[in-house]
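*Asks:* Here's the letter readout for the chains.
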Amino acid sequence: MRATSRSLLAASSLALSLALALAGCGSKPADPSTQYGANPQLPDPRQYLLPPMHVAPVAPWSGATPTAPPGLKVEALATGLSHPRSVYALPNGDVLVVESSGPPAPVYRPKDLIMGWVQSFAGAKQKAANRITLLRDTNGDGKPDVRTVFIDHLHSPFGVALVGNDLYVADTDALLRFPYVTGQTSITAAPTKLTDLPGGPIDHHWTKSLVASRDGSKLYVGVGSNSNITENGIGAEMNRAAVWEVDRATGASRLFATGIRNPTGLGWEPQSGALWAVANERDELGPNLVPDYLTSVKDGAFYGWPYSYYGQHIDPRVKPQRPDLVARAIPPDYALSSHVAPLGLAFSTGTNFPAAFQGGAFVGEHGSWDRNPLNGYKVVYIPFVGGHPAGPPQDFVTGFLDQSGHARGRPVGLAVDRSGGLLIADDLGNTVWRVSAAGK
Amino acid sequence: MSDVRAYPATVSPAHPIHVILAAYPIACFTGAFLTDIVYAETYEMMWANFSVWLITAGIVMGVLAAIAGIADYLVHRRDRARRSASPHTIGNMLVLLLSVVNAFVHSRDAYTSVVPTGLILSGIVALLVLVSSWLGTSLAYRPRPEGTL
Numbered sequence: 001m002r003a004t005s006r007s008l009l010a011a012s013s014l015a016l017s018l019a020l021a022l023a024g025c026g027s028k029p030a031d032p033s034t035q036y037g038a039n040p041q042l043p044d045p046r047q048y049l050l051p052p053m054h055v056a057p058v059a060p061w062s063g064a065t066p067t068a069p070p071g072l073k074v075e076a077l078a079t080g081l082s083h084p085r086s087v088y089a090l091p092n093g094d095v096l097v098v099e100s101s102g103p104p105a106p107v108y109r110p111k112d113l114i115m116g117w118v119q120s121f122a123g124a125k126q127k128a129a130n131r132i133t134l135l136r137d138t139n140g141d142g143k144p145d146v147r148t149v150f151i152d153h154l155h156s157p158f159g160v161a162l163v164g165n166d167l168y169v170a171d172t173d174a175l176l177r178f179p180y181v182t183g184q185t186s187i188t189a190a191p192t193k194l195t196d197l198p199g200g201p202i203d204h205h206w207t208k209s210l211v212a213s214r215d216g217s218k219l220y221v222g223v224g225s226n227s228n229i230t231e232n233g234i235g236a237e238m239n240r241a242a243v244w245e246v247d248r249a250t251g252a253s254r255l256f257a258t259g260i261r262n263p264t265g266l267g268w269e270p271q272s273g274a275l276w277a278v279a280n281e282r283d284e285l286g287p288n289l290v291p292d293y294l295t296s297v298k299d300g301a302f303y304g305w306p307y308s309y310y311g312q313h314i315d316p317r318v319k320p321q322r323p324d325l326v327a328r329a330i331p332p333d334y335a336l337s338s339h340v341a342p343l344g345l346a347f348s349t350g351t352n353f354p355a356a357f358q359g360g361a362f363v364g365e366h367g368s369w370d371r372n373p374l375n376g377y378k379v380v381y382i383p384f385v386g387g388h389p390a391g392p393p394q395d396f397v398t399g400f401l402d403q404s405g406h407a408r409g410r411p412v413g414l415a416v417d418r419s420g421g422l423l424i425a426d427d428l429g430n431t432v433w434r435v436s437a438a439g440k
Numbered sequence: 001m002s003d004v005r006a007y008p009a010t011v012s013p014a015h016p017i018h019v020i021l022a023a024y025p026i027a028c029f030t031g032a033f034l035t036d037i038v039y040a041e042t043y044e045m046m047w048a049n050f051s052v053w054l055i056t057a058g059i060v061m062g063v064l065a066a067i068a069g070i071a072d073y074l075v076h077r078r079d080r081a082r083r084s085a086s087p088h089t090i091g092n093m094l095v096l097l098l099s100v101v102n103a104f105v106h107s108r109d110a111y112t113s114v115v116p117t118g119l120i121l122s123g124i125v126a127l128l129v130l131v132s133s134w135l136g137t138s139l140a141y142r143p144r145p146e147g148t149l
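Going down the list, the sequences are from chains P and G. The opening residue of the first sequence carries number 1 in our numbering; numbering runs sequentially from there. The opening residue of the second sequence carries number 1 in our numbering; numbering runs sequentially from there.
Be careful, since some hints might not be right.
[Said to hold, decoys possible] Taking lysine to aspartate or glutamate and the DMTMM-like style, the derived pairs with C-alpha atoms no more than 20 Å apart in a straight line are:
| no. | chain 1 | residue 1 | chain 2 | residue 2 |
| --- | --- | --- | --- | --- |
| 1 | P | 319 | G | 41 |
| 2 | P | 319 | G | 44 |
| 3 | P | 319 | P | 215 |
Since the hints were derived computationally from the structure, they do not count as laboratory data.
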């Protein structure tokens with residue numbers, strides 16, 4: 001009997017140490033600056049028994065504000081909002097704030113229960129009003145004095161685009177058109193559905209970013225993947241991880257570009273006129289994989305997800321593989337470093353900022369939860385020259401984390417308003433911030 | 001002393017409860033090994049999800065079975081036959097320990113939640129739970145002459 005128990009013990013401790021060895025031990029968090037730009041350093045993927053997690057504890061702003069570079073000021077345009085995720089500036093100066101949260105997620109594994117619990121600490125599980133609020137500054141003092149519910153009873157809305165008198169709202173499961181008259185403070189008319197978008201019952205990356213082509217004939221919709229890395233089955237990924245092109249007249253759609261895991265912000269680069277996107281890459285391969293990115297979105301291109309990342313770097317978690325697709329996967333243009341979670345994109349056109357902040361791209365980095373030290377939690381500026389990024393991202397608006405590492409806010413959607421300020425939706429601080437030249 | 005009962009004259013209520021609860025980890029952990037094999041053959045995530053629920057349920061029921069088993073042991077701790085609980089106890093502790101590791105492995109996403117580490121662990125645990133339960137069951141039901149342990 002003793003011999004039996006000894007051999008049991010020996011066999012099992014061998015198995016245990018094998019398991020721990022295979023699980024992979026820690027990998028040091030890289031300096032984010034090694035993962036900026038066109039050629040980020042990509043370490044070997046690591047897998048964990050317990051992936052590194054570091055959720056920033058939450059602290060209130062308590063009258064503090066984020067900080068901007070010298071010569072610029074940051075003010076709260078509106079506070080006490082309900083999980084503001086994106087902002088949109090109407091031509092008449094009114095500002096739309098999309099207050100939104102995702103639909104309830106189904107539980108497929110014990111992990112889903114635990115992740116929901118972890119996210120609740122980061123304020124990521126706040127239930128929002130799922131409406132659009134309008135802010136208007138009637139006396140020009142920079143402070144809105146009218147605040148109305150512009151459109152109510154939406155279904156996890158995110159993207160907004162105005163073309164003429166048609167206001168488009170991208171709900172998580174449909175692209176809607178509302179009639180809009182300049183100056184309106186509330187729309188009660190029933191929307192027309194232009195097209196369905198991939199929604200539930202699983203709706204993992206639920207935000208649908210939206211931008212209209214300059215001639216107004218097409219709408220581009222960023223549709224995120226339905227999983228981190230196909231753990232909900234490849235069947236759930238139909239028409240997802242893609243930028244859709246929707247014909248505005250007919251509602252007909254096609255996949256403009258694919259393999260982009262979660263294209264959360266879309267915008268037109270002012271010099272080249274090309275479509276650009278920020279995207280969130282996959283998790284659980286370590287603190288330094290995979291860098292999130294900013295990229296031009298090329299018609300017909302495949303950017304790798306789920307089979308590979310940054311070109312032909314195969315993801316070992318995806319089976320069956322698709323070598324035919326991997327062979328034509330192209331790397332994105334510009335890495336932002338790992339797990340910064342870019343959720344907003346706005347090009348600096350029409351801003352009242354100094355020349356150093358003109359013509360490039362602002363990116364709202366919601367911030368990491370699966371790496372220590374934290375990464376993101378700020379708005380960065382990426383200078384552009386000749387239609388391409390030129391130089392590393394620069395801190396533009398910081399202070400979302402306080403001195404002790406508490407998150408006071410998390411930036412999401414961005415927009416440039418009529419008077420040249422940058423609007424920042426802060427879904428943790430429930431605030432919209434406005435950055436503008438001091439004295440303007 | 002040739003007629004020694006390994007089975008006590010009075011059976012504590014903890015004993016049948018232990019036996020009932022202990023059936024779950026056997027079914028769950030051997031079942032998880034089978035669903036792992038099916039996943040590895042089909043790449044169909046449903047089977048990997050079955051595995052992780054089976055492993056989780058096996059751990060929960062295993063812990064409850066252990067509590068009942070300890071209660072049973074405490075009631076009969078003067079019974080010398082109970083000493084042979086040690087291989088059974090160590091085996092089951094290893095089953096639970098490896099299964100916790102296995103639950104974490106199975107909480108990864110997609111293919112590597114099963115292949116290869118999860119599948120190997122599920123195989124080892126399935127074998128171990130059968131061997132250990134064999135020892136535990138024979139311990140409970142087979143009379144033993146005193147002094148052979």
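*Asks:* Each hint: holds or not?
*Replies:* Outcome of the hint check:
1. 319(P) / 41(G): 11 Å, holds
2. 319(P) / 44(G): 9 Å, holds
3. 319(P) / 215(P): Not satisfied, since the Cα-Cα distance of roughly 42 Å exceeds 20 Å.
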